[in-house]
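There are 4 protein chains.
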Amino acid sequence: MFFHVDPHNGLPIYDQIARQIKFAVADGILKTRELIPSVRELARELAINPNTIARAYRQLQDDRVLEPVRGAGLEVASGAAERCRNERVKLIRVRLRQVLSEAKHSRLDARELRELVEKELSAIERDRS
Amino acid sequence: MFFHVDPHNGLPIYDQIARQIKFAVADGILKTRELIPSVRELARELAINPNTIARAYRQLQDDRVLEPVRGAGLEVASGAAERCRNERVKLIRVRLRQVLSEAKHSRLDARELRELVEKELSAIERDRS
Amino acid sequence: MFFHVDPHNGLPIYDQIARQIKFAVADGILKTRELIPSVRELARELAINPNTIARAYRQLQDDRVLEPVRGAGLEVASGAAERCRNERVKLIRVRLRQVLSEAKHSRLDARELRELVEKELSAIERDRS
Amino acid sequence: MFFHVDPHNGLPIYDQIARQIKFAVADGILKTRELIPSVRELARELAINPNTIARAYRQLQDDRVLEPVRGAGLEVASGAAERCRNERVKLIRVRLRQVLSEAKHSRLDARELRELVEKELSAIERDRS
DNA sequence: GTGGTCTAGACCACC
DNA sequence: GTGGTCTAGACCACG
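Chains as they are written, first to last, in the numbering used here: chain F, 1 to 129; chain A, 1 to 129; chain X, 1 to 129; chain H, 1 to 129.
Derived by calculation from the structure, the hints in this document are not laboratory data.
Quantities reported herein were computed from a predicted structural model and do not represent experimental measurements.
Hints may be right or wrong, so weigh each one.
Which copy? The list can't say, so a pair holds if one copy fits it or any two copies do.
Derived DSBU-like pairs (lysine-lysine); straight-line CA-CA distance at most 35 Å [unchecked claim]:
| hint | residue 1 | residue 2 |
| --- | --- | --- |
| 1 | Lys90 | Lys31 |
| 2 | Lys104 | Lys119 |
| 3 | Lys104 | Lys31 |
| 4 | Lys90 | Lys119 |
| 5 | Lys104 | Lys90 |
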């Protein structure tokens, strides 16, 4: 398990963990019916209070990403991968809309805005190739 | 002064106020050397805690958008319009980069990402025309 | 606020509180935009740890029953009454189905089951009138 | 022994086992003085921790459904069939009363409640025929 | 061993 | 004053 937490990230720790697990599920790194690390184990590994981990896991159960197996731990729920992928796209779309609408609200010149977007987009594509 | 504050907005109120003043300065609605409303006056007008207004003004002074005038109050600093416009662009650029890099990190399909951006961009342009 | 908590109820305390608030919202006892008691206040009143109250309130926010108002507290969200009423009916329906299906699974005699239901139903109606 | 255990069922495993044994006794599938499988045997067969089986058996002894036979194991107690049938009815009655009283407490419309019950009841009857 | 609940107390941002 | 986050440690049911 390669989780990484930054307490100065702005995002709450439990959120960072939940998010990383969702990504791992979406990418198939964590598979359906696979047991995830126990609360205490991950807490030890990340040097974080078990309650904080437990809160992340609880949130993931609310989102139907994890399911309890009595006495054994928590496993990835069936259908979770699909849900996580969908949520990811939805999140990106919402964020993108926010930024662009903020840009519009800022009366940013349309041409300049498009240039900005294109520059960042092609930078991303270069990184990928 | 036509400010508008929404306590359900998620953004802190002092931030909403500071932001609106910056926009007004960037757009030339508030001009250099013009006095802005006093803390108490604006607080009364918006039915908001004066501490909150004061905090917004303090932040604007830190950003060199406002300057104190002894005995008179706060006025728009010289060069503030330019700075506000720049900051606006910089803010958008940073936010945009975040979203796009997050999209990349989400292994979102490159083509789909570009489509998403284009769709939102053209929607914005339609709204404008 | 007339909340009542029983630590030996089987149900977790935070759940009992959340449930009672949902009922109060569904019945119009708590109205939209009304501020609910603060975490600390309710904790003091019920002699319960503030964290437990906070958890109930957090859950209610997840269910879109409560909304934060910065610096002021938590208020009943708009549309919450409708949602709470719906959820209540749905809960009852699910519970009822469980019991009846359990009865079926127990090979309980059909006639006897119907008698049981009728007896309880008319008892309820007597109580009401 | 055709027992069937589902770890995702919500119900504790020992409870599922105890319940199935009670049903088998109530239905005469397990008869008075009949020896039931040993803890180890059933544990092996169901691939379950022996402690869990032992707990189910202990609970069944507390409920006077099973009786120890020195050196032989556990057998169905005399009168157990009768007790199991009664308990089944009593359990259903209690659960039913809970649900209906909860419905009442929810100020559910009396007519709607009766309709709900009738719908579920007739659905059950259709399933049976 | 597992997760779940609860208590106690600290610190933060916001109003 | 408000809610939100985090730590620390206790106790429980379950396997």
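Up to 35 Å CA-CA - Lys31 versus Lys104, copy category: Classified as between; 22 Å across copies, 41 Å inside a copy.
Could you figure out if Lys90 and Lys31 sit no more than 35 Å apart (CA to CA) within one copy, between two copies, both or neither? both (21 Å within a copy, 32 Å between copies)
Indicate which option fits the pair Lys90, Lys119 if close means a Cα-Cα distance not exceeding 35 Å: within, between, both or neither. both (23 Å within a copy, 14 Å between copies)
35 Å Cα cut-off: does Lys104 pair with Lys119 within a copy, between copies, both or neither? both (18 Å within a copy, 15 Å between copies)
Classify it for me, Lys104 with Lys90: is the Cα-Cα distance of at most 35 Å met within a copy, between copies, both or neither? Both: 21 Å inside a chain and 14 Å across chains, each within 35 Å.
Violated hints: none; the structure is consistent with every hint.
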